[in-house]
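Student: Hey, can you work out the whole structure from these sequences and the hints?
These protein sequence lines map, in sequence, to chains A and B. Numbering follows the working numbering, in which position 101 of the first sequence is assigned residue number 101; successive positions increment by one, without gaps. Numbering follows the working numbering, in which position 237 of the second sequence is assigned residue number 237; successive positions increment by one, without gaps.
Derived by calculation from the structure, the hints in this document are not laboratory data. Note that the structure is a prediction, hence the values are computed from the model and not measured. Any given hint might turn out to be false.
Claimed, not checked - Which residues of chain B face chain A? A partial, calculated answer using Cβ under 8 Å: (1) A63; (2) P72; (3) H89.
Glycine residues also receive a C-beta, built at the ideal position from the N, C-alpha and C atoms.
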Amino acid sequence: MGENMNKQAQLDPPPGMVEKRGSRLWLTHLLMIVGILVVFFPIWLAFVASTVTQVEIVRPPMPLWPGDQFLENYKRAIFSGVNVPVATMLFNSLVMALGIAIGKIAISLISAFAIVYFRFPGRTMLFWLIFITLMLPVEVRIVPTYEVVAGFGLLNSYSGLIFPLIASATATFLFRQFFMTIPDELAEAARVDGARPMRFFVDIVVPMSRTNIAALFVIFFIYGWNQYLWPLLITTEPDMNTIVMGIKQMFPSGDDTADWPVIMATSILAMIPPVVIVISMQKLFVRGLVDSEK
Amino acid sequence: MADLVLHNVKKRFGRTEVIHGVSAHIQDGEFIVIVGPSGCGKSTLLRMVAGLESISEGEIQIAGHRVNEKEPMDRDIAMVFQNYALYPHMSVRQNMAYGLKIAGKPKDEIDKRVAEASRLLQLEAYLDRRPRQLSGGQRQRVAMGRAIVREPSVFLFDEPLSNLDAKLRVQMRLEIRELQSRLGITSLYVTHDQVEAMTMADRMIVMNDGVAEQIGTPLDVYETPHTLFAAQFIGSPAMNVFDGELRGGAVNVGDIVVGPAAGPDAPVKLGLRPEHLTQDPNGTLEAVIQMSEPLGANTLLHGRLTATGDAITLSLPGVHLVNDMNASMRFSVEPRHIHLFDPADGKRLTS
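Tutor: Structure below.
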């Protein structure tokens with residue numbers, strides 16, 4: 001009896017968690033499944049549309065199950081596309097997303113390091129300046145930024161795609177908060193060990209921040225990948241299109257019919273890299289958001 | 001191997017002076033403990049020796065060379081921090097080797113020194129672990145190891161044992177002392193624990209309010225404290241202090257003659273150590289006992305002097321169970337155990 005009660009106690013959820021049993025358990029699962037179906041349905045439709053022929057799509061009712069044109073449509077999308085092969089756009093997007101993610105992390109790591117570990121005139125003011133820029137989204141400063149980028153002749157280039165988006169107040173702020181939790185003694189121990197500031201940065205600070213770096217990398221990769229307005233403004237040549245804006249460019253302007261199977265295949269292809277990044281870095285990502293290694 | 005000289009060292013933060021000129025000459029191989037209450041400036045003084053704080057005035061010399069302007073790494077010192085300050089992402093081996101790696105020592109020499117230190121500290125089995133996977137005592141040893149591999153002239157310890165539990169502290173105390181005497185490296189050790197100071201020090205520096213109140217061997221400080229502060233800080237339980245008076249060659253508390261003492265008639269502070277008071281039916285001092293704390297080997301009795309009502313603590317050998325609280329007890333003290341201090345500045349009056 002006593003043993004049974006002990007077992008029961010082990011099975012019970014810890015206090016504070018809501019307990020669900022029997023019908024309520026089924027109900028919550030049912031609700032979750034319905035929720036997932038609702039969210040997943042458009043993606044399913046896109047996938048279906050990418051595996052059938054143009055004729056089948058235009059003729060009502062819409063097909064709900066995949067057809068046999070999968071290889072055909074994807075081959076067409078990747079190697080020829082509408083304006084430019086999707087492979088090119090994927091590559092452009094990859095360069096842009098990686099450039100933005102790596103650049104943002106590199107810059108904000110260094111600036112946070114400067115703000116936390118060095119005393120120099122205007123330190124507080126600079127920190128607040130960075131902090132204030134948090135309030136300005138890309139759209140607000142897009143016209144002057146365009147002027148500058150055009151003036152430097154960076155239209156239709158990777159530099160033009162990456163540099164204006166590379167500074168990050170958010171990441172600087174997050175790294176600053178993290179650095180401030182690193183005990184001072186660690187910096188002092190490194191000093192006694194003979195590490196100069198940059199050595200301390202490379203050997204101690206960066207490795208200690210690696211879970212934070214991973215989390216921010218995921219966030220910024222997706223941020224970069226999903227950029228729409230900025231690439232749309234500064235890339236006029238199809239060769240420089242990124243995939244997210246490229247999908248829009250695939251729609252015909254006049255009376256031509258849209259090539260739906262190819263467009264849908266492109267959409268599905270556009271979704272894959274962010275998903276891969278999130279899934280492959282999930283462990284680090286969650287750890288980085290939840291706890292820091294000290 | 002080197003001696004360490006502090007010459008009138010002062011520290012100011014802005015306009016506040018926190019260390020008011022400390023001088024000391026520490027011999028090669030000596031183990032010096034700086035002891036004092038929180039905020040007395042002992043850690044600041046240590047950090048000035050380490051080079052982590054600038055020196056506002058005065059001079060610090062290591063092995064005869066002025067080091068005021070030198071970076072910590074150029075001072076030939078190694079430091080053990082209170083929270084160990086181990087690099088969390090490095091293994092024990094990497095932690096110990098880091099300083100040598102930066103100094104650009106050849107790999108086989110680094111390996112040799114790390115192996116030697118880890119053998120000395122019994123860390124061989126843990127070399128590939130991360131600090132997180134070690135117990136408090138082991139982390140402490142790694143911190144020691146990191147200091148040892150540098151083969152410095154001076155070891156600096158900043159309250160290294162205060163994060164350990166009582167039993168481990170006693171053990172590590174012995175280990176550190178033994179290691180230091182084996183290596184013969186000049187050491188400066190900061191603590192607020194007077195037991196650590198008494199047991200470990202060759203000589204101790206008793207600090208209070210940024211001033212070195214007394215520098216001397218533990219027994220010196222215990223037997224002839226130079227100031228009232230040193231008298232009360234060193235020794236456990238703390239020394240009893242009463243307002244007394246010198247009258248006609250004897251020291252009095254209220255109307256009671258405690259014992260003979262030389263000097264002109266004047267008010268004095270009278271210090272009596274609890275362990276120097278002996279039970280004596282003919283003694284002149286009488287106290288009402290209010291509480292007893294039997295510790296096994298000895299018993300602490302807390303009470304009040306009948307004459308003046310001052311609180312007094314006695315430490316008597318053996319077990320003294322006091323059944324009748326508020327019983328009065330007579331006791332006396334040998335004249336050589338009477339400490340007298342100037343009530344104005346707390347300085348010792350000649351004994």
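Student: If a hint holds in the structure, say so; if it doesn't, say that too.
Tutor: Hints versus structure:
Taking 8 Å as the C-beta cut-off, the interface hint given for A63/B is violated, the closest approach to chain A being about 17 Å. Taking 8 Å as the C-beta contact cut-off toward chain A, the hint placing P72/B at the interface holds, the least distance being around 5 Å. About 4 Å separates the beta-carbon of H89/B from the nearest beta-carbon of chain A, less than 8 Å, and the hint is met.
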